[in-house]
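Visitor: One-letter residues, chain by chain:
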Amino acid sequence: SQQGEEDPQALSIQEGENATMNCSYKTSINNLQWYRQNSGRGLVHLILIRSNEREKHSGRLRVTLDTSKKSSSLLITASRAADTASYFCATDLNNTDKLIFGTGTRLQVFP
Amino acid sequence: GAVVSQHPSWVICKSGTSVKIECRSLDFQATTMFWYRQFPKQSLMLMATSNEGSKATYEQGVEKDKFLINHASLTLSTLTVTSAHPEDSSFYICSGQGLYEQYFGPGTRLTVT
Chain H
1 SQQGEEDPQA LSIQEGENAT MNCSYKTSIN NLQWYRQNSG RGLVHLILIR SNEREKHSGR
61 LRVTLDTSKK SSSLLITASR AADTASYFCA TDLNNTDKLI FGTGTRLQVF P
Chain D
1 GAVVSQHPSW VICKSGTSVK IECRSLDFQA TTMFWYRQFP KQSLMLMATS NEGSKATYEQ
61 GVEKDKFLIN HASLTLSTLT VTSAHPEDSS FYICSGQGLY EQYFGPGTRL TVT
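Sequence lines, in order, name chains H and D.
The numbering used here puts the first residue of the first sequence at 1, with every later residue one more than the last.
The numbering used here puts the first residue of the second sequence at 1, with every later residue one more than the last.
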C-alpha cells in the first residue's frame, strides 16, 4: 500500500498544551497537505506545504517537511477543546491530482 | 474556499438495492472529481477518479461494475452503489479538483441493512 502512516494514532491532551502529529510517506511528492475531520463530517483543509519548503505557519499551526526523511509534522499550539478532531496528512501521487491519505491521528483536547 | 455538496447526507437501504449519491461543485467547475470511501475510525481510501465526459478510472481492488460513476457535467458527478450489501456500509466522500487543491464534500453515510 502507498498509504502514509501517522503517529500517534491517538493523542489526548489538556487545553493549552501543544499537540504534535507526525506523518511519513513513501513516494516522492510535489506537496503535502494536512486536513482536519470532525467526527462524521467532511474534511477541512488546513495547510499545504510544497516539496521545496521546509516549514510553514498558519495561525496556531506549524507544519514542517523533511523530504529526505519523507516525513512531515503538524504542531498545534495552545490547543483548544474545539481542536478535537482527526487529522490527516495527504500527499499527491506520482505527479497526479490524486491524494493519498495517511492513517490519521485522533486528537482529543480536554477542557 | 470553493464549495462541494453531497446528497443525500445519509441513506439507509436494503441489501440488494442500488443507491445513488450526488456530488456537486457549487461555485466552480470541476473537470475532475474524486470518490473516497472511509470506514469507521479509518482513513480515506481513493476509490475512483471521475472525469467529465469520459469514463471513470478506478483504483485497484474497486469493482467498477459495482460502483458506477457518471460525470455528465462540469458540476455534477454521481456514484451509484449497485446491489448493495452490508459490507458496502461506509462513509463516501467526494471532492472536486480546483485550480490548486481538492475541495471536499461533507460526505454521505450509507448503511445497508
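Don't take every hint at face value.
In silico DSS-like pairs for lysine-lysine, Cα to Cα no more than 30 Å straight-line [unchecked claim]:
(1) D:55 / H:26
(2) H:26 / D:64
(3) D:55 / H:98
(4) H:69 / H:26
(5) D:20 / H:70
(6) D:64 / D:20
(7) H:98 / D:41
I should point out that these hints are in silico values taken from the structure, not numbers from a laboratory.
Visitor: Evaluate each hint against the coordinates.
Guide: Hint by hint, here is what the structure shows:
no. : hint        : in the structure
1   : D:55 / H:26 : holds (29 Å)
2   : H:26 / D:64 : holds (27 Å)
3   : D:55 / H:98 : holds (16 Å)
4   : H:69 / H:26 : holds (10 Å)
5   : D:20 / H:70 : violated (39 Å)
6   : D:64 / D:20 : holds (14 Å)
7   : H:98 / D:41 : holds (22 Å)
Hint compliance for this structure: hint 5 is the single one not met.
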